[in-house]
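Put together the whole structure using the sequences plus the hints.
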Amino acid sequence: MHMRRPSSPAFAGYPGKVNPVSGALVALALAALVIASVLFLKSGGFSSLEPLPALQYQNNPTNFLGNRYRLTGQIHSMLLWQEGTGKLVAVQPEGLDSRVAVFVPDSLGVSLHTGQRYHMDIVVREGGLIYVEDLVKY
Amino acid sequence: MKAAFLFLSLSVSILIGQAPPPGMFDSPSSSKSSPAPAPAASQPSQMIVSPPPLIDAQAMNDLGDKAFDVESDSIDFENGSFNWKGRSFDIGSSRVARARFERYLASPRISDDDEIYLGILQKIAEMLSLAGEEDMKDSEQLNDEVFKAWKLLFVAGRYELDGGASLTVANQVYNIWRIRDENQNIARGKTLMAEERKRLERELASNSWMDEREFNEVQKLKAEGRHTGEVWEGVTDATFTAERLAELKARLALMETQGTANGLQAKLQFQSQIVNLLLTRRYEHCLIAATFYRYAFRGSHQSLQVGLEQLQSFIPVSDFTPTVETVELLAREAIADVRVGVNTVNSLYESNELFAALERLQETYFLGEYQPEVLQYPPDRKKKLLQIYRNVTEVRNLLDLKDYAEVEAVVERTKEMAYDFPASRILSGVRSAQRLSNLSLMAAQQAIGLGDFAKAEAALARATQIWPLNPAIKNYTADMASKADISSQATMLFDEAMSRSDYRSIFDRRTEFGAALMRDPDRSALLKEAVERVGKVEILISQAEEMSSQNNAYTAWEMLLRAAEIDPDDPELARAQARLAPRVADFVSALDSAQRAEAEQNFAIALNRYLAAQDIFPASKTCDEGISRNGKKLMEQITLRQMAVGQGS
Numbered sequence: 001m002h003m004r005r006p007s008s009p010a011f012a013g014y015p016g017k018v019n020p021v022s023g024a025l026v027a028l029a030l031a032a033l034v035i036a037s038v039l040f041l042k043s044g045g046f047s048s049l050e051p052l053p054a055l056q057y058q059n060n061p062t063n064f065l066g067n068r069y070r071l072t073g074q075i076h077s078m079l080l081w082q083e084g085t086g087k088l089v090a091v092q093p094e095g096l097d098s099r100v101a102v103f104v105p106d107s108l109g110v111s112l113h114t115g116q117r118y119h120m121d122i123v124v125r126e127g128g129l130i131y132v133e134d135l136v137k138y
Numbered sequence: 001m002k003a004a005f006l007f008l009s010l011s012v013s014i015l016i017g018q019a020p021p022p023g024m025f026d027s028p029s030s031s032k033s034s035p036a037p038a039p040a041a042s043q044p045s046q047m048i049v050s051p052p053p054l055i056d057a058q059a060m061n062d063l064g065d066k067a068f069d070v071e072s073d074s075i076d077f078e079n080g081s082f083n084w085k086g087r088s089f090d091i092g093s094s095r096v097a098r099a100r101f102e103r104y105l106a107s108p109r110i111s112d113d114d115e116i117y118l119g120i121l122q123k124i125a126e127m128l129s130l131a132g133e134e135d136m137k138d139s140e141q142l143n144d145e146v147f148k149a150w151k152l153l154f155v156a157g158r159y160e161l162d163g164g165a166s167l168t169v170a171n172q173v174y175n176i177w178r179i180r181d182e183n184q185n186i187a188r189g190k191t192l193m194a195e196e197r198k199r200l201e202r203e204l205a206s207n208s209w210m211d212e213r214e215f216n217e218v219q220k221l222k223a224e225g226r227h228t229g230e231v232w233e234g235v236t237d238a239t240f241t242a243e244r245l246a247e248l249k250a251r252l253a254l255m256e257t258q259g260t261a262n263g264l265q266a267k268l269q270f271q272s273q274i275v276n277l278l279l280t281r282r283y284e285h286c287l288i289a290a291t292f293y294r295y296a297f298r299g300s301h302q303s304l305q306v307g308l309e310q311l312q313s314f315i316p317v318s319d320f321t322p323t324v325e326t327v328e329l330l331a332r333e334a335i336a337d338v339r340v341g342v343n344t345v346n347s348l349y350e351s352n353e354l355f356a357a358l359e360r361l362q363e364t365y366f367l368g369e370y371q372p373e374v375l376q377y378p379p380d381r382k383k384k385l386l387q388i389y390r391n392v393t394e395v396r397n398l399l400d401l402k403d404y405a406e407v408e409a410v411v412e413r414t415k416e417m418a419y420d421f422p423a424s425r426i427l428s429g430v431r432s433a434q435r436l437s438n439l440s441l442m443a444a445q446q447a448i449g450l451g452d453f454a455k456a457e458a459a460l461a462r463a464t465q466i467w468p469l470n471p472a473i474k475n476y477t478a479d480m481a482s483k484a485d486i487s488s489q490a491t492m493l494f495d496e497a498m499s500r501s502d503y504r505s506i507f508d509r510r511t512e513f514g515a516a517l518m519r520d521p522d523r524s525a526l527l528k529e530a531v532e533r534v535g536k537v538e539i540l541i542s543q544a545e546e547m548s549s550q551n552n553a554y555t556a557w558e559m560l561l562r563a564a565e566i567d568p569d570d571p572e573l574a575r576a577q578a579r580l581a582p583r584v585a586d587f588v589s590a591l592d593s594a595q596r597a598e599a600e601q602n603f604a605i606a607l608n609r610y611l612a613a614q615d616i617f618p619a620s621k622t623c624d625e626g627i628s629r630n631g632k633k634l635m636e637q638i639t640l641r642q643m644a645v646g647q648g649s
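Line by line, the protein sequences give chains A and B. Just so we're aligned, residue 1 is where the first sequence starts under the numbering used here, counting upward by one. Just so we're aligned, residue 1 is where the second sequence starts under the numbering used here, counting upward by one.
If you are wondering where the hints come from, they were derived from the structure by calculation, not from laboratory data. It is possible that part of the hints are untrue.
Some chain B residues near chain A, calculated using beta-carbon distances under 8 Å [to be verified]:
| # | residue |
| --- | --- |
| 1 | 602 |
| 2 | 604 |
| 3 | 608 |
| 4 | 635 |
| 5 | 638 |
| 6 | 639 |
| 7 | 642 |
| 8 | 645 |
Cβ coordinates follow ideal geometry from the N, Cα and C atoms, glycine included.
Structure, rendered in structure tokens:
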């Protein structure tokens, strides 16, 4: 019996056209967009990275050794923590029902909780383990 | 049959010697010419007949005592002697006596010759009797018949049944007569010598008178001076006469001594023979000999001076003087008892108490086997009693061999033939022995069970000693041998299965192995471990099947995985997994992939695949453990790597 996790919510899209009648509201929306873009850029600019092909990675991680990707997902569970080294967490990539193991070094200084969503800058290192270089909660 | 010997026992103990004076033999046959001496009859053997106890098995002594009344006038089971009225006859070795009695039972009717022989003996007894056909015999008739009886003894001695006893008596009588004649000659010689002695004495007296007269004449002439006074001192007639007289007196004394010795020797020989005839149970001959003795010797010579030891062993009572009449009375009493015994046998036989009849006949036979009543006992009855006797002998032999099963069969057979046969007493003893043997065997089995082999061996030996042919012992030993064989085979199979880690086959034959390896503590421990191992697998398989039936396939698989941790090669587990695998193929595939990666120490890959498997079955304990295990390995690697980087920088 498969027990599927509920799908994570997708990013909300932007409205396709401006209503001249409600100019004020559009202006406010544009302002919010500007603010969001600023914040996005401030987070490191992960959008320049390719998203991790999670399914392929799960099938054969060694094919991705040394590659850098962007991983967007939700912290599913804390697997292990080694003080001074880091944490092993299970992350459910966005759009997938399965999970991948991710190592988050203590040097990033982040507090992770299950259920949090992050954009992560990751590298597939020796052994095929995903190392988080940077991450931004969203 | 318990009283007659009592007074005899009081009379035969002290023997008073009396030397008969010469010439005192007064046989009525003195006027007859002495017959030629008969050939010396062989001395009848002593009454050495060992009694054949019907049952005398040493091992069943008590049983025999119970089965047979040893207090009766019967056979002494211990000493092999025949008891009669409290007195013991030694009747030889038991085997010989038994054979003799069996031969007697098997013998046909006595022959015509034997009948004639018995008639001759009866005729001799009648001739020696003082009573005639109508009146008492006068002296002349008696003397005549005594001599005829003596001659008939030689006729009787020719018969086989006599065994030479008649000739022995005849020889004794002849011996007496011969000595009597010798003594008569001595007496006549003594008379002549006495006359000569008187003549010599007279001559000597005459010579003495003449010498005295001559001496007085010489003395007178000497006084007158006409003689010197010297006399002749040389040999004279008187000297020779005196010498002849002394010689004659010496010869007289010698003849007297010789006569006395001859008479004493003859008397002692005769007495000895009479006692021997009694002890050899030749009662008829004993009576005949005693009668001859009485005719040969006067009343003052009737005290027995010989056979003291024999009679004392026969009748151990002192303070009484045994006489020839006493022995004669004993013989008559024995003859009467034989008649009573045979009558008793007949009575018992006719009342169908055949075993008692056999016992009484045996007693009667050993008391008077030469008596006509015994010899003439009907052969058809003896034949029937012989069958019982042989059965009883067989029982005795079987008891000696401790073949109790066969004893039972023969006793039952004998009981059918003789209803008074003491079967229950014998069977009681037999069954006691059988029970005792079986109990010892059970003790041996228990000791084996407890591993006390020394005790088992002793108990088995005791069971075998009591009843060597106990069929249970045979079965027991066969069973033991079979078990030993099974045990060795089972040990081999167990070792072979253990070498292959084939715990399932051990589990399947756990009962057989358990019994076979009971006395092997090391293998027993291994067996226990193997059985427990497979037992756990069995439980998990059962639980998995239950879960599967409840549509919890992944949980079921988890249980099979637990079972695989215990015994991954168990064939039943493999079959269970094969049955379930199609339903959990994705999970199985993920786990398999994870386990292979872990085995290759690709811990990151393994971790991810355990996570993938857990995504399929989140409650998987296997995945939990795999994730934890591989996570730790990964963390160790990362730590080491960071340390290496730190040291490098």
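The hints, checked one at a time:
no. : hint : result
1   : 602  : 6 Å, holds
2   : 604  : 4 Å, holds
3   : 608  : 5 Å, holds
4   : 635  : 5 Å, holds
5   : 638  : 6 Å, holds
6   : 639  : 5 Å, holds
7   : 642  : 6 Å, holds
8   : 645  : 11 Å, violated
Of the numbered hints given earlier, the model fails hint 8 alone.
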